[in-house]
Amino acid sequence: MIYLDNAATSHPKPESVYKRIDFVLRNASANPGRSGHRMAIEANRVIFESRESVARLFNIKRPERIIFTCNATAALNLALKGLLQPGDHCVTSDMEHNSMVRPLKFLSQQGVNVHRVQASREGSLDPDEVSSAITCETRLIAVTHASNVIGTITPIDAIIRAAHNKEVPVLIDAAQTAGSVPIDVEALDVDMLACPGHKGLFGPQGTGFLYVSPKINLNPTVFGGTGSRSDLDRMPDFLPDRYEAGTLNTPGIAGLGAGAEFISSEGVDAIRAHEKHMLSRLIDGLLRVLGVRVYGTGDIERRAAVVSFTIEGMDPAVIGDRLDTDFGIGVRVGIHCAPDAHKVIGSYPKGTVRMSPGYFTTPEDIDRAIEAVGVIAADRDNRRHVPVSAPRPALPRGWGE
Amino acid sequence: MEEQYKIFVFKSTYLTFKAERALKGAHVSCKVVTKPRDISSDCGLAIRVGASDEQTASKIMGDSGITSLGVW
Ligand SMILES: Cc1ncc(COP(=O)(O)O)c(C=O)c1O
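If you're matching them up, the sequences are chains A and B in order.
Position 292, counted from 1, in the first sequence is what this note's numbering calls 292; the numbers after and before it change by one each time, with no gaps.
One rule links them: number in this note's numbering = place in the second sequence (from 1) + 1000.
Since the hints were made in silico from the structure, they are not lab data.
Be aware that one or more of the hints could be misleading.
As the list claims (entries may be wrong) - As a list, the in silico EDC-like pairs of lysine to aspartate or glutamate whose alpha-carbon atoms are at most 20 Å apart: (1) A/215 with A/266; (2) B/1011 with A/184; (3) A/215 with A/88; (4) B/1011 with A/233; (5) A/350 with A/324; (6) B/1031 with A/42; (7) B/1024 with A/167; (8) A/61 with B/1063; (9) B/1011 with A/231; (10) B/1011 with A/88; (11) B/1024 with A/42; (12) B/1035 with A/128; (13) A/215 with A/184; (14) A/166 with A/122; (15) B/1011 with A/237; (16) B/1035 with A/42; (17) A/19 with A/49; (18) B/1011 with B/1063; (19) B/1031 with A/324; (20) B/1011 with A/324.
Unchecked claim - Output of the computed footprint for chain A on chain B, the stretches with three or more beta carbons under 8 Å from beta carbons of chain A: (21) 1031-1038; (22) 1047-1059.
Yeah, the Cβ is synthetic: ideal placement off N, Cα and C, and Gly gets one too.
Using the sequences and the hints, build the whole thing.
Spelled out as structure tokens, the structure:
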């Protein structure tokens, strides 16, 4: 299969990730932080090492401020629900994934005022507009680092500077960039960074994290055992324990650590360079197919490895189905959990076909995908594609179906 | 035999492993162990070093910015 759905979950993983998970699951999967026997200590050490590896990749000076979660959604929920109180004002954008949209909607029903800054049709956010949306009640700016629909990269450096000028912290949803676009937490002075482990970081599903800078104090949103200060009936006041109630996903976090180490040794710049190469090849090829419309910016420098397109007059679902069934190409179709982004780019409600190459995608994969789209688009022109519900003309003799 | 060892206790397991890394990096032999019951009612971990290494260990941890809650 040609896998072009890395924006949903990356596949395949580096060999070292498979090996680490297998090793840990066999040899060190006791309960970390609960018991004190040698295997439990080893499990604890695995978690520690992974936290350090993730910290190195993002230049995080305080690794204990990395909170492991089960995905980016849980990280965003902790950041938003742990910080925002009724009466607070939060600035966000209309390019967000539902993992930002829905907790904010819930919070707005609790009395948080949410302001959405409009993105351009290319999906980009103007830092000046974000800055002018800040009021004296603004407690947080919460934006995605890159759109999961069209890949447009948000100028987070300018947004963070503008926000910090007004003493407002910034939460970055790095779901589409972590591992493939350089993020230096120290240099950017990021206040909170939410990342999935299973996309660009090459971990397995069920992993993710939230980094919380020392300037931010969140309320815990999940309460329970931590194995530390068990004499207390409240959550400990130190990190990461304060936000990590319940048994952690040790084998998953081990895989995430191995993924982060793989990326550090390859270099994020090398990964980004490969993905940009795949992106331009893909966009170039798609634009040559008659009837294809590619959304978002043509400037590869401002695009994460995501390409959304449509074929005029064809339902994206049909295209996705043919890519899978006839060509063995895995993509995602529809609105990709981000309905408002489709309203911005004009593809609501049917959505788009999304192809997302990764570090292991080859130029041949891209060429075959373009070829397949070409065939599907040509078939549409030849009207060979008749909806199932429509009466079917009799096939000429000798044409089996 | 117990008195031949010193036990360093930390606020969190994160710090415990950070201390272990710092000590091992400086070639001080140490072991992560369960906190003895009489030190804490908790089920946490601690670091055991040879009694003669106590001063060296304290210094290494201090240099790495790791504060222990105490030594037993
Ligand atoms: C921009 C964006 N934010 C958040 C998420 C949610 O990530 P997860 O599935 O790890 O919760 C995704 C992934 O689908 C995403 O693309």
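Here is what the structure says about each hint:
no.	hint	verdict
1	A/215 with A/266	32 Å, violated
2	B/1011 with A/184	28 Å, violated
3	A/215 with A/88	18 Å, holds
4	B/1011 with A/233	17 Å, holds
5	A/350 with A/324	19 Å, holds
6	B/1031 with A/42	12 Å, holds
7	B/1024 with A/167	41 Å, violated
8	A/61 with B/1063	16 Å, holds
9	B/1011 with A/231	14 Å, holds
10	B/1011 with A/88	33 Å, violated
11	B/1024 with A/42	16 Å, holds
12	B/1035 with A/128	54 Å, violated
13	A/215 with A/184	17 Å, holds
14	A/166 with A/122	27 Å, violated
15	B/1011 with A/237	10 Å, holds
16	B/1035 with A/42	15 Å, holds
17	A/19 with A/49	16 Å, holds
18	B/1011 with B/1063	18 Å, holds
19	B/1031 with A/324	53 Å, violated
20	B/1011 with A/324	53 Å, violated
21	1031-1038	holds (count 4)
22	1047-1059	violated (count 0)
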